[in-house]
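There are 2 protein chains.
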Amino acid sequence: MQAEIITIGDEILIGQIIDTNSAWMGQQLNLVGIDVTRISSISDDKTAIVDALDHLYPSTQLVLITGGLGPTKDDLTKLTLCEYFGMELTFREDVYAHILALFHALGRVPAAVNREQALLPDGCRVLHNGVGTAPGMLFEHKGKHFISMPGVPYEMKHIMQNHVMPIIAKELLRQYILHSTVLTVGVPESELAEQLENFEARLPTGIKLAYLPRPGMVRLRLTAKGSDEGQVAKLVSVQENLLKATLGKVVYGMDADSLEKVIGDLLIRRKESIALAESCTGGYIAHLLTSVAGSSAYFLGGIVAYDNRVKMQQLGVEEHVLQRNGAVSEECAMQMAMGARAHLKSTWALATTGIAGPDGGTEEKPVGTVWIALAGPAGCTAHKYQFGTDRSRNIKKSAFAALDMLRSALIEEE
Amino acid sequence: MQAEIITIGDEILIGQIIDTNSAWMGQQLNLVGIDVTRISSISDDKTAIVDALDHLYPSTQLVLITGGLGPTKDDLTKLTLCEYFGMELTFREDVYAHILALFHALGRVPAAVNREQALLPDGCRVLHNGVGTAPGMLFEHKGKHFISMPGVPYEMKHIMQNHVMPIIAKELLRQYILHSTVLTVGVPESELAEQLENFEARLPTGIKLAYLPRPGMVRLRLTAKGSDEGQVAKLVSVQENLLKATLGKVVYGMDADSLEKVIGDLLIRRKESIALAESCTGGYIAHLLTSVAGSSAYFLGGIVAYDNRVKMQQLGVEEHVLQRNGAVSEECAMQMAMGARAHLKSTWALATTGIAGPDGGTEEKPVGTVWIALAGPAGCTAHKYQFGTDRSRNIKKSAFAALDMLRSALIEEE
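Sequences listed follow chains A and Z, in order. Numbering follows my numbering, with no gaps: position 394 of the first sequence is 394. Numbering follows my numbering, with no gaps: position 392 of the second sequence is 392.
For reference, chain A alone in the conformation it holds in the complex (with noise of 0.2 Å):
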């Protein structure tokens, strides 16, 4: 089956915005086996809207369009389509109730314009929005099926999920696609190939591996195809582990498994708790843990240590070890980690400390050099990593890095 992708808006045009949308449902329909042949972004303009409708591929039988149906006089696709595809706009009191409840909840009034996000053309199929006010919908037109979707990513990407992937699987497609993705961190790409080449070399046909890396990261994705659904299965089944033995512990999870997350299961098996002294990731650890639901059962809290003032008053680090090794070091990282565990009485406690860049480096202490400690109920373990010129990336892989160590710490002991 092939697919086009239409983007609307002026915003992706004139390069305000970068167009991730897009990058994100070739993805997904990629994963389920669908080509996209053409993505166009175009303005939010009815001429130009119309014209995109006129020349899509003659082999096209699925189109995605996104952006346009906010409620402001920009905003064109609805009205568009309506007309095109020769439908009447309706009032639907079940979208007008959920518009309502969402303002409710947010204990604000609707305006006018956001009533008018209840009028839907007569024809479409409506694409429940759980979490804006603009729905998606859904028109079957001479043997094509569109599918319009507000462009805010967290929109698109909840009714693609909820709704468009699910029609696509039960109502348009044939054959079975099964992936799996096994998540390894702290190795990087090409060792991992490396250690991979027979794994590679003896992947029976119908399956394909694909690297796909991130920063501290390199997601091994697995894809099978074929017209009986417990072949694939089994096929997918038998790699996968193979796989996961032949990498061992630098497989943290499955698929949407979150790093965070998988720690966190550990320490709530375990009935262990974590706090964290941070300077060079500057709070980004805890916004990691705190991003899982739930996390309050084991994260007690963390000391973001910029200041080498905050960094002795309130985690214990020692003045003379500032002065004779400087914040970026290895005691310097132990004393955040210990000062951490004791003052907040947890069982784990991580510390960072190092050079985020773009400034403030060293000829012996350069950008990127970072100090991780772990301290827990065994002792103080501290590592040494150098990374790159990159701020953003650098708390990045600093983060990673420093959940990895209390990761393989909490599996050793398992």
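Each hint can be trusted.
Computed list of lysine-lysine pairs in BS3-like fashion (alpha-carbon distance at most 30 Å, straight line):
#1 A:Lys-365 / A:Lys-396
#2 A:Lys-261 / A:Lys-271
#3 Z:Lys-261 / A:Lys-365
#4 Z:Lys-46 / A:Lys-208
#5 Z:Lys-365 / A:Lys-261
#6 Z:Lys-345 / A:Lys-396
#7 A:Lys-396 / Z:Lys-396
#8 Z:Lys-144 / Z:Lys-208
#9 A:Lys-170 / A:Lys-234
#10 Z:Lys-46 / A:Lys-142
#11 A:Lys-208 / A:Lys-157
#12 A:Lys-244 / A:Lys-225
#13 A:Lys-261 / Z:Lys-396
#14 A:Lys-365 / Z:Lys-271
#15 Z:Lys-225 / Z:Lys-208
#16 A:Lys-144 / Z:Lys-46
#17 Z:Lys-261 / A:Lys-396
#18 Z:Lys-208 / Z:Lys-244
#19 Z:Lys-170 / Z:Lys-208
#20 A:Lys-345 / Z:Lys-345
#21 Z:Lys-46 / Z:Lys-157
#22 Z:Lys-365 / A:Lys-271
#23 A:Lys-225 / Z:Lys-46
#24 Z:Lys-208 / A:Lys-46
#25 Z:Lys-225 / A:Lys-46
#26 Z:Lys-261 / Z:Lys-396
#27 A:Lys-208 / A:Lys-225
#28 A:Lys-46 / Z:Lys-144
#29 A:Lys-157 / Z:Lys-396
#30 A:Lys-396 / Z:Lys-157
#31 A:Lys-225 / A:Lys-170
#32 A:Lys-345 / A:Lys-249
#33 Z:Lys-225 / Z:Lys-249
#34 Z:Lys-261 / Z:Lys-249
#35 Z:Lys-142 / A:Lys-46
#36 A:Lys-345 / Z:Lys-396
#37 Z:Lys-142 / Z:Lys-46
These stretches of chain Z come out as covered by chain A in the derived footprint (C-beta under 8 Å, 3 or more residues):
#38 25–35
#39 179–189
#40 288–298
Because the hints were derived from the structure by calculation, they are not lab data. Beta carbons are placed, not taken as given, at the ideal position from N, Cα and C, and that holds for glycine.
Got chain A sorted already, so can you dock chain Z onto it with the hints?
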């Protein structure tokens, strides 16, 4: 003048890479007043390329094409363009000399496929590629200019900056376009739209307003066009000032400003500092502040006080407040802020405490209830907010609301 961008290559369609080239080219064209009316990403396939060239908008005068110029067999752009424009490939000695020199510098010997890169359509203008083997090509055909460039971002940028932009400036241009984006925080899109009803109704011709929402923020983009650069600049400047005057202090900045950077600049100018006491935001405000390079000049640190014992022991929140009013209360937020300010010895301190969700809500304090307090030289104030049910958005909205409380206090004192 109107332009279209065509990117060629399957890796964008399957979402393997995000198309940042188009955004960058769109910005460059926009800066000199050229409207990009469409961006098409298509397959590296002769039929798809010809179809795209056949269906350009009639008003398009300039077409930028990237990708499909590598030496491998799946790169078909050059051959397809050569045939489409009725030209013949001829060997260009100067281009081959450059390819040889590039290989020589790397200590390598060019393959036969690299020699073929010096075969170019005889009617095109060659745009020298100083940093790669595939040159750019400029074609003129039926009143339109077509420019083909490699898809490797730094090669494309090199050719754009050294050849394409100078040619556009000298040979093609007539009209000016100017943008100005006014950044607001704390007021939802629909409320802004009501406040701006008169402003929008009175906008002169030649200038447009667009709403670009983000969690807790809305960006308002003014776009003006005209033949006289000075008049366009004046039109934008007058309306921008009118817009700012209409909205008052909900405007926190312009264009690429971030709230955390704006606050940082204010604190540096005032030689003041900030500390944090975060509960429901879990370190996210610290992460935002420390994402700014140089933030150590004013950000001392923070306490992420997730557990109530941490609120008491590290921030001095009184036990009877937690028992009587609960952690999500005005009293607790204020004691957290005052505690952080006293312990970390900062000019200002922000505190957040609330129910991020999805669990933990009660009838009296539903998910999304957040108290934010600000302690400063003149005392401490707190505000209650009611956000939605999505944990991740509640964390973001709380963080931006807190930062905006600090910003408001700082500008009030200016």
